[in-house]
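Engineer: Assemble chains B, C and D onto chain A, guided by the hints.
Here are the chains, one letter per residue:
There are 4 protein chains.
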Amino acid sequence: MSFFNNEDVENMKKLAELIRVLNTTGHNPATSGNYSLRSLTSPDYAIVSESGVDKSKFDVDHFLPVYFKSHEIHPLFQRPGRKSSDETDIHLAIYESTNAGCVLHSHKLEALLFADFFKNQDFATIEGLELLKGLKGIKTHEVKIKIPLFDNTQDIRALSEKIKPILQNASTSEVPTHAAILRGHGIYVWGETVSDAKRHLEVFDYLFQHQIQTKRYNC
Amino acid sequence: MSFFNNEDVENMKKLAELIRVLNTTGHNPATSGNYSLRSLTSPDYAIVSESGVDKSKFDVDHFLPVYFKSHEIHPLFQRPGRKSSDETDIHLAIYESTNAGCVLHSHKLEALLFADFFKNQDFATIEGLELLKGLKGIKTHEVKIKIPLFDNTQDIRALSEKIKPILQNASTSEVPTHAAILRGHGIYVWGETVSDAKRHLEVFDYLFQHQIQTKRYNC
Amino acid sequence: MSFFNNEDVENMKKLAELIRVLNTTGHNPATSGNYSLRSLTSPDYAIVSESGVDKSKFDVDHFLPVYFKSHEIHPLFQRPGRKSSDETDIHLAIYESTNAGCVLHSHKLEALLFADFFKNQDFATIEGLELLKGLKGIKTHEVKIKIPLFDNTQDIRALSEKIKPILQNASTSEVPTHAAILRGHGIYVWGETVSDAKRHLEVFDYLFQHQIQTKRYNC
Amino acid sequence: MSFFNNEDVENMKKLAELIRVLNTTGHNPATSGNYSLRSLTSPDYAIVSESGVDKSKFDVDHFLPVYFKSHEIHPLFQRPGRKSSDETDIHLAIYESTNAGCVLHSHKLEALLFADFFKNQDFATIEGLELLKGLKGIKTHEVKIKIPLFDNTQDIRALSEKIKPILQNASTSEVPTHAAILRGHGIYVWGETVSDAKRHLEVFDYLFQHQIQTKRYNC
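Chains as they are written, first to last, in the working numbering: chain A, 1 to 219; chain B, 1 to 219; chain C, 1 to 219; chain D, 1 to 219.
Derived by calculation from the structure, the hints in this document are not laboratory data.
Copies of the same chain look alike in the list, so a pair counts if it fits in one copy or across any two.
List of simulated lysine to any residue pairs, SDA-like, C-alpha gap at most 20 angstroms:
#1 13 - 56
#2 139 - 170
#3 119 - 210
#4 215 - 125
#5 146 - 122
#6 215 - 110
#7 83 - 137
#8 136 - 97
#9 215 - 116
#10 119 - 183
#11 133 - 53
#12 136 - 170
#13 133 - 26
#14 162 - 123
Source: prediction; values computed, not measured.
If we strip away everything but chain A, and leave its shape as in the complex, we get:
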């Protein structure tokens, strides 16, 4: 564990605990879901969850340092059959396009069902709810947020390139963006810290539930 400095290790512990909690509430069924941190002291790499781990057993040892330049695991961590998440490229793209310090990728059903209300649109929107204030930079419920939507694909590298300019634009908009949805797949949520990312995920989960109910029953 000595490869990582203390600050990173503290965050890895926090994030591993969060991953196990998220496992009990439907965020990462069937070993799905992946999670990462931006290294606080080594700007060259991100710390990304290993592929194929049962998230109910996730621990700090399941984090791997991945280099931004090569998208490869640091040689010290390479083992036969071990690889970082299949969606590592998207995590790296988010760090390259925003000031995120932590990225959470959840498969929770509500994100998919919510996005289905915005067929053939590039963005989903939500407005007028108090809990929007749980998103960093938002101070009133009288606001409309936009969440970028992308079609699912197995070409993760191409998708990560497509995501970058959209997140870069979104970062400079008046109303900040902290999430993106892959249709039929799941949601990426981020924040400057583990706590911010956790809070943002809770906000989106709540907002999606509200919106699904409200849009279905039109009340």
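Structural biologist: Below, chains B, C and D without anything else, positioned relative to chain A:
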């Protein structure tokens, strides 16, 4: 901790435990929700939860004494960046208008969805269910309760002034009132003790679920 | 505790544990719900839960021996303000009309919503599902069970008299009856043992969920 | 316990733990559900859960070795009143028709509700969702899986014979099959290992929830 007398400390422990339990059932996602007690021995202040705390970690140290007159934290508890809940004014208004000893503010989705059935109305109503008897002062299911509804706003001071006369009227009505809903925001529930407030919150949560299902499917 | 014999104490422990578990899954919000045993060695009394106890804290000390003849608590257990459940009469009526050894009264919402599909009818029915075999005496899914329905009332004594002949008839029918629903109130479920009653409650809970979904969406 | 070799015992421990976890999430209400392993060292028998056990208390002692030839428990494990699951024949048929190493039979409601969308059809289908990749042998969301559907019956022996050729055909198809649904009853899910079977069950549970929501609301 010596600032508070024993009776208050006992209630703070009870309420902190309740807050953590409520966190596991959707009442305060994303550090939302706020909670308070009327001091049992110092009529000059209420004991209000600190702003921005992750409710899964809420402890007695996150309670702050707030003076009714000034709406300010007692000097002994002031720290840079520390403040009582943004909605402190509403808690104080409830104590000033009712005989509440404990106030719970939950963001649970059902309160919002329930209130949507009463568009453009000042009160929501529920009648005819056995669990209504869980509300203090109600002895039969053959009763109709009224729950005041308010539009959400970021001007909490103005809202708290608007709430007061309505709760004062409600307090003297034959059928008692133990809750008020902010549209698109959440619910305030209160009781004379922590146990009463907890029981009332459970009653409303159950009644809202029942009413949403019944009104949607008209069965 | 020496008042009760060992067999009764064992069952009281089992039932108290079950009550706490049921509390975590919506069966007894707001101190609602009540529970009882037929004494295994003293045919003169039933063992009934105390009124007004928060079911998350329910323990063996919250059971009171109630005499069938007088409907009163044994003098040894009388204390100021202490009484057995307000619905004690119904528990006693069930023991007098069936061979039940344990009675569970749950407020879980699904029983109410399910009964609403049988407006103006004396019985609800369910047929054709494998889990029906979880009910004692049922060996195939090709069966139709009947559940007696009663209007809610605060006159528990009158209701208990009304229930008796219906349960006596039901006891001698080919397809056994293990439950009765009070509209807008809750369900009574019983079995010869605590395990039987628990299993029956789980069966009904599952069947109601299935029937509500199926009847709503007609699929 | 010395009857079983170490490898089998390890798997029995894993599976018993999984059964208790599944009990908390609606997979085996009312002692329903049954579970098995193919013995890793004795090709002559499967290891099948005992009939009628409350799954919240399930332990390794509730597993019984059953011979493929005779469908009977090994003589060492025979006790008065003890029998392997009533659906043992189906478990054996799955092991005889596929390369399964672990079979899980869940009564979770969603499988029943999902199957109802495929009335009078021999197979249910699902396509286009990322989580399909949680099923062994599937590498893209651009795939359509088929799940065989069977009518429920109490003649388990006849059903098990009917299932065999269908699973044998399914095993050789391009898109693998890891589950079969009994209408109004429940689902069988299998995998080469306990972990595979667990992951597959989580996949199906998620997919069914998604499909039910999507098909109902057509969005």
